[in-house]
Amino acid sequence: MKKIFILFAMLLALVLTACGQTQNNTDSSNGGDTNAEETAEKKDDGENDEAAIKKALLSNYLNVAKTVRPYQTKINMYVESVNNPEAEATIETTKEDAITAAEEAVTAIEGIKVEDLDEDKTATFNDALAELKGAYEAYAKALGEEEIDVAAAEEKINATNEKLTPVFEDAGLHAPNLAKEIN
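If you count by mature numbering (1 follows the signal peptide of the UniProt record, and there is no 0), then the sequence shown holds residues -18 to -1, 1 to 165, one letter each, in order.
Keep in mind that a hint or two might mislead.
[What the hints assert, rightly or not] Here are the simulated EDC-like pairs of lysine to aspartate or glutamate, each with C-alpha atoms no more than 20 angstroms apart in a straight line:
#: 1; residue 1: Lys37; residue 2: Asp100
#: 2; residue 1: Lys115; residue 2: Glu86
#: 3; residue 1: Lys103; residue 2: Glu86
#: 4; residue 1: Lys115; residue 2: Glu74
#: 5; residue 1: Lys56; residue 2: Glu163
#: 6; residue 1: Lys48; residue 2: Glu74
Keep in mind that the hints were calculated from the coordinates and are not lab data. These numbers were taken from a predicted model, which means no experiment stands behind them.
Taking the hints into account, I'd like the entire structure generated from these sequences.
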């Protein structure tokens, strides 16, 4: 049995060696395959570019969401406490925290740098950031009022999504929902 196994292994090695040499001869004698390989490499580069764009879009988007989320949490806590009669004892503190959070969010948004995108996508992303900044300015104003109406701020966040949606969809990504992401 051992002799048959050794004979089979040697035969397999011989066949694999012969096939490998045939493949090398075909590659070196056929210049047309080189063009096919170059085309495949260019296709891979295109896929890499698309992947890089997707990665940059998601990275910038998640950076925005991560930056804004803590401020939005404080704002949400205040808005919820206004509607909760049991929270009257802490409402002034929460109000001050929410207004401060909205103002700090404006400053934080101003500090966000859009990276690794081409000029058009960067401009669109910066326009969306301007809308988002406007949302937190609207929050700061609304939270300081006696009657709280955050509809204007929420509209600005929706406008941010509307500006980012075409960029994301062109890259083959789903439309963003920043309101859901930060709440």
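query = Between Lys56 and Glu163, does the CA-CA distance stay at or below 20 angstroms?
reply = Given that 20 angstroms is the threshold and the Cα spacing comes to 15 angstroms, the pair holds.
key: Hinted pair Lys103 and Glu86, Cα distance within 20 angstroms   = 26 angstroms, violated
task = Would you mind confirming whether the straight-line C-alpha gap from Lys115 to Glu86 stays at or under 20 angstroms?
result = Distance of about 10 angstroms is within 20 angstroms: holds.
message = Between the alpha carbons of Lys37 and Asp100, is the straight-line distance 20 angstroms or under?
response = Holds - the C-alpha atoms of Asp100 and Lys37 are around 13 angstroms apart, at most 20 angstroms.
task = For the pair we were handed, Lys115 and Glu74, check the Cα-Cα distance against 20 angstroms.
result = Status violated; Cα separation ~24 angstroms.
inquiry  = Checking one constraint from the list: CA of Lys48 to CA of Glu74, max 20 angstroms. Satisfied?
reply    = It is violated: about 27 angstroms lies between the C-alpha atoms, which goes past 20 angstroms.
Of the numbered hints stated above, those contradicted by the structure are hints 3, 4 and 6, listed in ascending order.
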